[in-house]
Amino acid sequence: MKTPREVLVGQHQAAEAKLDAIREKVVAGLAPDAPVNTKQMPRVVPRQASALEAGWRQFLWSLRWHLAGLSAAWLVVVALSLDSTPAPTHRAARPDASSPRQMLAALRENQRQLRELTGTPAAEPAPEPQKPRPSPRSQIQPFSRASA
Amino acid sequence: MLVVAETEQLPVARARSGEPTAWDTLFRRYQLPLYVYIFELVRDEQASLDIVQESFINAVRHIGTLREDGKFGSWLFGIAHQKCIQRWRKRGREAAALEELAAAPGEFKDDPAELLIREEQEAAFMKLLGRLPLAQRSVLVLHFVEEFPLEEIARITGTVLGTVKSRLHYAKQALKKLLEEEIE
Numbered sequence: 000m001k002t003p004r005e006v007l008v009g010q011h012q013a014a015e016a017k018l019d020a021i022r023e024k025v026v027a028g029l030a031p032d033a034p035v036n037t038k039q040m041p042r043v044v045p046r047q048a049s050a051l052e053a054g055w056r057q058f059l060w061s062l063r064w065h066l067a068g069l070s071a072a073w074l075v076v077v078a079l080s081l082d083s084t085p086a087p088t089h090r091a092a093r094p095d096a097s098s099p100r101q102m103l104a105a106l107r108e109n110q111r112q113l114r115e116l117t118g119t120p121a122a123e124p125a126p127e128p129q130k131p132r133p134s135p136r137s138q139i140q141p142f143s144r145a146s147a
Numbered sequence: 000m001l002v003v004a005e006t007e008q009l010p011v012a013r014a015r016s017g018e019p020t021a022w023d024t025l026f027r028r029y030q031l032p033l034y035v036y037i038f039e040l041v042r043d044e045q046a047s048l049d050i051v052q053e054s055f056i057n058a059v060r061h062i063g064t065l066r067e068d069g070k071f072g073s074w075l076f077g078i079a080h081q082k083c084i085q086r087w088r089k090r091g092r093e094a095a096a097l098e099e100l101a102a103a104p105g106e107f108k109d110d111p112a113e114l115l116i117r118e119e120q121e122a123a124f125m126k127l128l129g130r131l132p133l134a135q136r137s138v139l140v141l142h143f144v145e146e147f148p149l150e151e152i153a154r155i156t157g158t159v160l161g162t163v164k165s166r167l168h169y170a171k172q173a174l175k176k177l178l179e180e181e182i183e
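Going down the list, the protein sequences come from chains A and B.
The first sequence begins at 0 in numbering that gives the first Met the number 0 and counts up by one.
The second sequence begins at 0 in numbering that gives the first Met the number 0 and counts up by one.
Bound conformation, chain A alone:
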């Protein structure tokens, strides 16, 4: 009769050789003259290093409120400096700018109201300036011959 433990361990005894190889490989990575293999080589943290680390942690922990206050102050300073920076102004084209035609109409209306107030009779509207009409082609003197 065997215990379940004896049965279990006995069933896997064949893996012992492979496990020995794994153990040797891992332990070889611990040796000081072991080749450097960053992926496989275990990193042993000596006690002195951990004590130093613990000391640093304790020191920083004791200053946690001071550091938190300083950090908050710096955050406020950064936020304020960001806020006071002038934002770039983009002047959009103003849609209320009147067109020349509207301005002319407004000017005429203004003149009419002024005449009504002063009682001045309406002046003859100024004749519209005539656009220069192009002469008929037959009247055009051929320049090159005339000058020649």
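If you are wondering where the hints come from, they were derived from the structure by calculation, not from laboratory data.
Please note that a few of the clues may not be correct.
To be verified - Simulated pairs of lysine-lysine, DSS-like, Cα-Cα distance not exceeding 25 Å: (1) B:Lys-164 with A:Lys-1; (2) B:Lys-89 with A:Lys-1; (3) B:Lys-164 with B:Lys-70.
With chain A's structure known, arrange chain B on it following the hints.
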């Protein structure tokens, strides 16, 4: 024959200082039980060997997190257990791996002699062990292989003591029943 970890004088303190011979002693002591446990969870030889190696490397790296030297064994098994869970997660089988037993915790009475196996039953025992739900199998193998106290099994598997008691109780019952059926 292997003895239970807590009764041994293991060179954990020397291992902390990075002494290779101390690590060799520790790994030699635990390599086979650890492999048995991992194999019974993942059921794949190469994957089990890989997890053993990763567990050893992690143990060396994180020995600073071990609080009690006497708990080195359960701590190492805990690392291996986490590696197994990571492997299941990678394979998308966490639902099966992390299943919880719905049954309420039963009354657990520990009797080492209650399950003795005759030579002709060995193969059947191994086969039946594989048929148990994963959560029960995990607790049962830890109990059989290293005879860890229930509190330590709870720590290794990341469960509460009541759940461990329940799982162990039902696992033993199921195994006995299966063995009886096999004999008949």
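To see whether the hints hold, each was checked on the structure:
For the hint linking Lys-164 (chain B) to Lys-1 (chain A), the alpha-carbon distance of about 24 Å falls within 25 Å, and the restraint holds. Proximity of Lys-89 (chain B) to Lys-1 (chain A) is assessed by CA-CA distance (about 37 Å); at most 25 Å being required, the pair is judged violated. A C-alpha spacing of about 20 Å is found between Lys-164 (chain B) and Lys-70 (chain B), which places the hinted pair at or below 25 Å, so the restraint holds.
Hint 2 alone, counting from the list given before, is not met by this structure.
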